[in-house]
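*Asks:* Going down the list, the sequences are from chains A and B. First residue of the first sequence: 309, per my numbering; consecutive thereafter. First residue of the second sequence: -18, per my numbering; consecutive thereafter.
Worth flagging that the hints you see were computed from the coordinates, not collected in a lab. All clues given are correct.
Beta-carbon label-pair distances, calculated as ranges:
#1 A/C350 - B/P21: 18 to 24 Å
#2 B/Y172 - A/A334: 29 to 35 Å
#3 A/A334 - B/A201: 22 to 28 Å
Okay, the calculated bits of chain B under chain A, using three or more residues with CB under 8 Å as the criterion:
#4 52 to 59
#5 97 to 105
#6 108 to 118
#7 214 to 223
#8 228 to 238
Facing chain B, a subset of chain A residues (Cβ under 7 Å, in silico):
#9 G331
#10 V343
#11 L347
#12 K359
Backbone N, C-alpha and C define an ideal beta-carbon position, used for all residues, glycine too.
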Amino acid sequence: MGRGYDEGLAVSWGGWSEFLAMGGYALYVWGSYAVALGLIACEIVVLVLRKRNILKHLGRGSATVRHTTGGRG
Amino acid sequence: MSRFFETAAGAGRCDRAHRIDWSEHASLRMFFLLAGRLRPWFSGMAVAWCLAGMVLGFVVVPVDGQAGEISRVIFIHMPAAWTSVFLYVVMVFWAGAGLTLNRRLPGMIASAVAPTGALFAFVALWTGALWSKPTWGTWWIWDARLAAELALLFLYCGFMALQLTIEDARRADHAGAVLALVGVVSLPIIYSSAPRWNTLHLGPAVSLTQSPGLGGEMLAGIIVMVIAFCMYSIAVSLARVRCIILERERHAEWVADTTKALP
Chain A
309 MGRGYDEGLA VSWGGWSEFL AMGGYALYVW GSYAVALGLI ACEIVVLVLR KRNILKHLGR
369 GSATVRHTTG GRG
Chain B
-18 MSRFFETAAG AGRCDRAHRI DWSEHASLRM FFLLAGRLRP WFSGMAVAWC LAGMVLGFVV
42 VPVDGQAGEI SRVIFIHMPA AWTSVFLYVV MVFWAGAGLT LNRRLPGMIA SAVAPTGALF
102 AFVALWTGAL WSKPTWGTWW IWDARLAAEL ALLFLYCGFM ALQLTIEDAR RADHAGAVLA
162 LVGVVSLPII YSSAPRWNTL HLGPAVSLTQ SPGLGGEMLA GIIVMVIAFC MYSIAVSLAR
222 VRCIILERER HAEWVADTTK ALP
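I would like the entire structure built from these sequences, with the hints used as guidance.
*Replies:* The following block contains the structure:
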């Protein structure tokens, strides 16, 4: 625990390739971050589409709302 | 004559069933506008705190000599797990408020929080599995926290599925609130009944109090990421509750007036 801890304080990484390699744990570390980021991105996209959809149908009146809910279900 | 009475009675019944609660409309409209105004601030803070957390996690915090670089997963694993529990408390609070106060807005807020809670519960389990595999050689083990986190994910999913299957929004809110409250009772039981001796947690790589590798920077990074996830959750929940309000109130007059003014 002592060795890495003291060395790493100033700059943790020798270069981009070393950073991406994550000390041999690249798959696990980046797999964690990628899935978290991907899910967050998906949630934001779904919300933007949901809002756009409801606003579009509010603008066109209730007849279109009925039509779309039928199409979705 | 009889026809007149029929229509009059029908109109009366109709009036009682669809009685317009003006104060409720006013509070929904006010919350809709307030949420819209607050949302960008929370989004901005989420991005800022997240960037700070990533700089702390990947640049400032040195590698843990014992565990290696895999320990950098901690900066999403622990904050995601904590946020998933926080959000459940928030969801239960609003669901319970909707049940007892018999108002609509609290139930809408509870529904808006659930998907983000499920997201973080899944992220906590996923990152935990990816951390556990190279460190302890297993993706999964039946320990107290893992079992409780899995139960939490199922409760979030059950809450959302239940609300999807019930057509009437008020009844859906009530059913969801009951499920959420049952979850509050069952989570501590699951947590305390799972085997204590069989755990991946509280090892030297993870423990907050005993680990020599978990320095101040690492703790700071974790706390910064907890704040980032909370800011993100508030921003997304505010955006989602606005959608829910518009969807459920689409026939209300104030919705047409308010959305016309939107850019």
